[in-house]
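Chain by chain, the residues run as shown.
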Amino acid sequence: MKKEFLKGNEAMAEAAVRAGCRFFAGYPITPQNEIPEHLSRRLFEVGGEFVQAESEVAASYMVYGSSMTGTRCMTSSSGCGLALKAEGIGYITGARLPAVVINVGRGGPGLGQILPSQQDYLSATKAPSNGGARAFVLAPSNVQEAVDLVYEAFDIADKYRCVCYVLTDGVIGNMMEGVVLPEMRDLSSLPDKSDWVVTKRGPGPNTQFGNKRIITSWQNTGEELEATNQVFADMLEGWKANETRYEAYQMDDAEVVFAAYGTSARVAKTVVNKMRAEGIKAGLLRPITLFPFPEKPFEALDAAKVKKVICLEMSIPGQLIEDVRAFVDKKIPVEHFGRSGGVILKPEEAYEASKKML
Amino acid sequence: MKKEFLKGNEAMAEAAVRAGCRFFAGYPITPQNEIPEHLSRRLFEVGGEFVQAESEVAASYMVYGSSMTGTRCMTSSSGCGLALKAEGIGYITGARLPAVVINVGRGGPGLGQILPSQQDYLSATKAPSNGGARAFVLAPSNVQEAVDLVYEAFDIADKYRCVCYVLTDGVIGNMMEGVVLPEMRDLSSLPDKSDWVVTKRGPGPNTQFGNKRIITSWQNTGEELEATNQVFADMLEGWKANETRYEAYQMDDAEVVFAAYGTSARVAKTVVNKMRAEGIKAGLLRPITLFPFPEKPFEALDAAKVKKVICLEMSIPGQLIEDVRAFVDKKIPVEHFGRSGGVILKPEEAYEASKKML
Amino acid sequence: MEKSLLIAGFGGQGVMLIGKTLCLTANDNGMNATFFPAYGTAQRGGTANCTCIISDEEIGSPVCETFDNLIVMNEPSYQKFAPTLKEGGEIILNSSMVTSRPADGVKYYAIDSIKIANDLGNTKVANMVILGAYIAVAGNLDVDQVKEQVKHALHGKEALFDINMKAIDAGIAAVKSA
Amino acid sequence: MEKSLLIAGFGGQGVMLIGKTLCLTANDNGMNATFFPAYGTAQRGGTANCTCIISDEEIGSPVCETFDNLIVMNEPSYQKFAPTLKEGGEIILNSSMVTSRPADGVKYYAIDSIKIANDLGNTKVANMVILGAYIAVAGNLDVDQVKEQVKHALHGKEALFDINMKAIDAGIAAVKSA
Amino acid sequence: MEKIFGLPSTVLEQMTHQFCPGCGHGIVDSLLMHELEEMGVKENTAIVWPVGCSPMAGSVSTINQVSAAHGRAAAVATGLKRSSKDTFVICYQGDGDLAAIGTAETIHAANRGENITVIFGNNSIYGMTGGQMAPTTMLGQLSTTTQSGRNSEQHGNPIRMAEIIAGLEAPKFVARYSVHDAKHVMQTKQGIKKALEVNKNGGYSFIEVVTMCPTGWKMTPEQSVKKIVEENLKVFPLGVLKEVD
Amino acid sequence: MEKIFGLPSTVLEQMTHQFCPGCGHGIVDSLLMHELEEMGVKENTAIVWPVGCSPMAGSVSTINQVSAAHGRAAAVATGLKRSSKDTFVICYQGDGDLAAIGTAETIHAANRGENITVIFGNNSIYGMTGGQMAPTTMLGQLSTTTQSGRNSEQHGNPIRMAEIIAGLEAPKFVARYSVHDAKHVMQTKQGIKKALEVNKNGGYSFIEVVTMCPTGWKMTPEQSVKKIVEENLKVFPLGVLKEVD
Amino acid sequence: MAKIEVAKDRCKGCKLCVLNCPKNIIKIGSDVNTAGYFVAEQFNPEECTGCKLCAIMCPDMAISVYK
Amino acid sequence: MAKIEVAKDRCKGCKLCVLNCPKNIIKIGSDVNTAGYFVAEQFNPEECTGCKLCAIMCPDMAISVYK
Ligand SMILES: Cc1ncc(C[n+]2csc(CCOP(=O)(O)OP(=O)(O)O)c2C)c(N)n1
Ligand SMILES: Cc1ncc(C[n+]2csc(CCOP(=O)(O)OP(=O)(O)O)c2C)c(N)n1
Ligand code: SF4
Ligand code: SF4
Ligand code: SF4
Ligand code: SF4
Ligand code: SF4
Ligand code: SF4
Ligand SMILES: [Mg+2]
Ligand SMILES: [Mg+2]
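Protein sequence lines correspond, in order, to chains X, S, V, A, L, G, H and F. When we follow the working numbering, the leftmost residue of the first sequence carries the number 1, and every step to the right adds one. When we follow the working numbering, the leftmost residue of the second sequence carries the number 359, and every step to the right adds one. When we follow the working numbering, the leftmost residue of the third sequence carries the number 717, and every step to the right adds one. When we follow the working numbering, the leftmost residue of the fourth sequence carries the number 895, and every step to the right adds one. When we follow the working numbering, the leftmost residue of the fifth sequence carries the number 1073, and every step to the right adds one. When we follow the working numbering, the leftmost residue of the sixth sequence carries the number 1318, and every step to the right adds one. When we follow the working numbering, the leftmost residue of the seventh sequence carries the number 1563, and every step to the right adds one. When we follow the working numbering, the leftmost residue of the eighth sequence carries the number 1630, and every step to the right adds one.
Everything labelled a hint here was simulated from the structure, so no lab data went into it. It is possible that part of the hints are untrue.
[To be verified] Here are the simulated DSS-like pairs of lysine-lysine, each with C-alpha atoms no more than 25 Å apart in a straight line:
id, chain 1, residue 1, chain 2, residue 2
1, F, K1652, F, K1681
2, F, K1656, F, K1637
3, S, K688, X, K331
4, F, K1652, G, K1500
5, H, K1565, H, K1614
6, G, K1402, S, K558
7, V, K867, S, K360
8, X, K240, X, K281
9, F, K1652, G, K1543
10, S, K713, S, K665
11, S, K517, S, K551
12, H, K1565, L, K1299
13, V, K823, V, K796
14, L, K1314, L, K1272
15, S, K632, S, K666
16, A, K1009, X, K3
17, X, K307, X, K331
18, G, K1517, G, K1402
19, G, K1551, L, K1314
20, F, K1632, G, K1500
21, S, K558, X, K240
22, A, K974, F, K1637
23, X, K330, X, K355
24, H, K1577, L, K1298
25, A, K1060, A, K1009
26, F, K1656, F, K1681
27, H, K1585, L, K1075
28, A, K914, A, K1070
29, X, K330, X, K307
30, L, K1265, X, K200
31, H, K1577, V, K840
32, V, K831, V, K892
33, X, K356, A, K980
34, H, K1565, L, K1255
35, H, K1589, L, K1298
Let's have the full structure, built from the sequences with the hints guiding it.
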């Protein structure tokens, strides 16, 4: 298979098309514009629809509308654009519809900066919307993985009827790298959704009487909503048990453990390699699913062996570190080094700072 | 002082007026409508302004606009309304403007239910917006405390130039209870803001040249934004060190510790009393500041003494429990009992469920 | 001592007014009180209910599953809420609209509020009859103070003072004679 | 072996094209490559720079503080980026626009790209001269493969093939003769 | 005797509307349900309900339905229709929904000429949330957030959405009706029919219906009907504003 | 010789605009800066900048300024003005900002008659983000999200905001100008003056200015000026749409 | 000859049918339904023309018309 | 008698002044400024009327006019 050399944004957009995405609504915002731009052309080529919405808010509800027809659909944005999509993400989640959301991270808070950043970890993993909505969050650390995870995100979204959120950043979105694109999915091979889509008749999830289908995040009583919350809670438990993913790099004998995801994890890898070259037993734990968070490998870190955990993040204050601290043995010191606001973390400075912490 | 008997929403609105709030913009949503309704009349009486905005999004930016003039200002909403205000909250935070936000919690996710709920804990405490924005979060558990905390929220917001977020729920918003209202603040006694308001000239926080004032959440370079992020990070550290608040009820010899806030904490108190009456050594740790989270009293729980921590919440899955688990000694089992989606937690069921956990 | 009360009926039967009057009286009297009106979309033109808790001490939960007292104003409310009475609790039944009766051993007062009110000359004071009945049953509030509250609520309609006071007295009498 | 390169200049000097061409060649040749274009609001009509990393192995960070090679196309870029050269690294200077020279001991190639291009008959191929120079310096890419990439990029403008190829060769020659 | 009017098959017999007595939304919903039956599209229709009182009609209907977030019905309808061209898509929104929070979505779906029908129940108030001012509230009208009456200085003037929509190029049918009496209800019925036909033939149609909210207005239905004639219709003139073939 | 035209004191000498060569925003900004100086209000003015290219003018200005979120300038201005009646509040927004994401805020601030001036730089494109379609993009115009040209079926038609605003009751002055040549620039100057006077006397004013974005249009400034005459002005007719005394 | 039937439990006694019957033959009766509303009733069916105006006006779809 | 001065480092060579001078006495010169732009220059000042049209048209406020 030919390894193409593509920009992350463009590659993710193409991966979506190949995964069967046939609807995209979005609103321009740097640094993710190549996603809508690519799709504005490609989706019509494959018989799908692209809408440049009047706002991020509207875009999220267009996706909600498309998803209820059974169409694989997606939106993408960055920074404050995601804040505007929060309500819609909650509706999609509450109505149990599948959708893929890509966040190509930029600096914040507020308008912040268009430069690459990882300051949306908590918003993606803890509270992508109101009312306790949670999304399945994937974090690729190179263009190939971005392509593979976006491709798979549609399957995850369909499997759980949830929002599958790909959290990446302006580095991965804007860099070019070699990538093998996945095959074009045959739409007829996609999961059957006829038992709940609004375009069919027959009893569905919210039907009380007759044949009608109702797609909604509203529930008539507190008890009904609670039951829905419980189903969701059980699903999240299932994710925790079955779906966590991470990469353990040089971890077998690691005494200094780096925790990092996405672009920072690449930086961390360079630092690990450099330390190993000097005889320092460094390793990297890289969460690939940010939610469900891979708790186990962090809980498993042995205080007798591991001297320090260092979180590398493009965020000040650290955000990933909140999860890492929660699960790592209290006896192991957990520290943070990062850049923020659009300043890209560099391996040299990460190495220097980490050395000082040892 | 006369103890009036007031509805929570109305009492909070009046407390805001007395704290010197002179601008409110909001959008109707149950169960908080008495706040805007009260203020639509009262603010004009005291020479302030009330705007029923065209949307929650607009409301949040009207508050942003008002705050930059040095005016004490507020918005309130519930559930999905807060999701729509997320972007604005991030702007206010990023531009370092003071503002008070009240969330009278309802069931979610999405539209969910208008009934009381505590499903916005994570969104309030971890990610009220994009880009790592954090707010100072207060959680009253009766009408008097709601009044006192709203009154104080304006001071906190001014002191730190941050969003002070009062997280309450439909029970406290809609119940009536005896309350002593605070005195009317003399506007001339409020903090001086002349060194940064946009209505004055002279160098201000973002001024590069000359006398002009610039209010913005944008920074021209990643480095400048990073510096702002760092200031904010330091401020958060300061909050953690100096501003956490909680109530410890019957904690001296407690072996069963309940963790709860707001309405659930009242339920917990009833349960504690009932258990104490039976000779069970129960106690309650009630965070009053949800962010900064009162980590210390939880870290201090002694595994040799405390047999169990039980989080009571009106949220399934639990949310407060994520913080409690992060700080309580791993040897002490932490469990959750709650209702969700608008079903109000009742003391009887909480008692039964807790007994089963012992 | 803490006393919990649930009041339930149709919208328009004065459920909220009764509850607020009781709690206001307690509050003005230095006691603690919480009044929580159930709300929800189902309320539109439908049923109404509220929880009142009155206590000498700090009140924990303002809501509960079971109550020391119930005031049930109509049959559907009776069906729904009768099971929430605590053991040893007492029910006040608006017998003009409630046909069911509690199981043996449950203490209750059947007050034909509409008949009593009609006898006084105004159907509309039926809720005051029930209010009076509750004061007599609960015994934790002073009748005159309650009456003051009612007068306060009727501010501007002084002509109605008399009949409302009479209705309260009639409610008290109905309980005493039961 | 991993080689990091920063290319910097004005917008319009072909900075991005040089970087992409190098990386595409490496990629097609089975090597790993990352191309990261700096972006930001300051870019509007201003400076442009990109980072290229080419390696036989998995590439860690696609960005770095210091580089094995620099290509500097104008003076401001030289001022800004000269300090980012690694010890032992090499600089390619577009001496048509860069007047400064590195400190003693730093290896560099001053290529008068505009003059060379003009001599070939077209100022616009100055960037190809620089590209050629880099290939010669770095030595990790095959000239013919790079030329294929350039031809690919010029698809539809076959008339320009010849002069572009010549420019690459001239760049190589300039290094060799330096 | 033969039944010449009754519940259409698009309405569930076992459910009753939760509307307040005399609510105009019920009349509009009744017209819509009859029309959907008559047009024979009830099997492939999706009604996009907003947040407000109008969706309470949903529970009594047998039509497939969608709840949009407050203000976002037109965006939801856009996504739905674009991904399912065979589905007949109708929004029925209130004035808070369509003319306040949903202003942008309303105007842009119309401007794109989405193949949907928007029915706009304009009752000059936020009914569902208890009677706050709407963008369409009359000057002088009392509401819980204009307790001394709406005044143009503080609150602006009632906004005319049909006129705005009619000023755009794409919409094919734009009209305003009222349901305050039987004659006007009959006209509204014709309007809904026309709007749905435009939809069927491929195009955007918009119907504004002036309706009464007795509860929000704190009036009897009878008084409400009078208020419409005496006040609302003076600000919201009835008629077809745009018709394109 | 005496200097009869130069940098006004509202502009910093040490800073230059970051606009691309020939950007129409610069012309409008120049007019505004001169006008603020002439009116003597520069000390108590706050300019509310949106997100887009126009705020790049901010860095060269000595006027107090505020950055609103994308689309929310009118809401920010509302809060600002209501809380500080002595401040002269002006928004200068682009078409993506004002006519897409900010549609609701734009229309409702106008409808409330907020005491602000809105200057709308309509360049038929999203300049700042690299040339995507705007609601005001011409039919047939290429953009990065309409790579074969905008067509009305998929993307709708260019929207005329000044007409919508002029249809509301509260606005006191609504007009459309262009800055493609000196004659029109002079007219625009008069319009800005008038709009600011209305503001000073208490009232809402709205000025739409048709401008060129050579970069977004992928044209030279000279070609851009031609495009305005040949295409844009046909869709966006110039003139005063509303004037109330 | 025509007549109407009012579905008792749908009717909310709003009077809109009463106000719109051209023959003035509907009134709100003294019957209360399960929801507590006084229900509309036709008191002079012989005058009914079956014009359906009452039915089309009813917000609760409570009226059936027979002819 | 009039003339214009072009602030060299403000000018971006957009030609809008050139296009709008009624006397056609401005051109883009061969001078490059620090930002890399070829700068406008008046080549026939004696014909300049001081009409200010060039200046008002300049997006970069680069032109001063003297009379
Ligand atoms: C985002 C959001 N904001 C606010 C609300 C609360 N809300 C529910 S319905 C409604 C408006 C009701 O008014 P209208 O749209 O006119 O409909 P009506 O009830 O009058 O038919 C509001 C503000 C909500 N559900 N969601
Ligand atoms: C909420 C949000 N969405 C999107 C963006 C990205 N963005 C920045 S400027 C802009 C639009 C620019 O177009 P326009 O308003 O027409 O201004 P112009 O640059 O053309 O003057 C967009 C979409 C943003 N900053 N914030
Ligand atoms: S509140 Fe108004 S709109 Fe809502 S159901 Fe009642 S009458 Fe109808
Ligand atoms: S992109 Fe367009 S609008 Fe933005 S500065 Fe350049 S020419 Fe002006
Ligand atoms: S119109 Fe319908 S609901 Fe109203 S009174 Fe008549 S039958 Fe009853
Ligand atoms: S069908 Fe006509 S005549 Fe008969 S009752 Fe109804 S409105 Fe009156
Ligand atoms: S208009 Fe201004 S920027 Fe453009 S060429 Fe003339 S002087 Fe230079
Ligand atoms: S002032 Fe008038 S005549 Fe003189 S150069 Fe400028 S445009 Fe030409
Ligand atoms: Mg309404
Ligand atoms: Mg634009």
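Tell me, in ascending order, the numbers of any earlier hints that this structure violates. 8, 12, 16, 21
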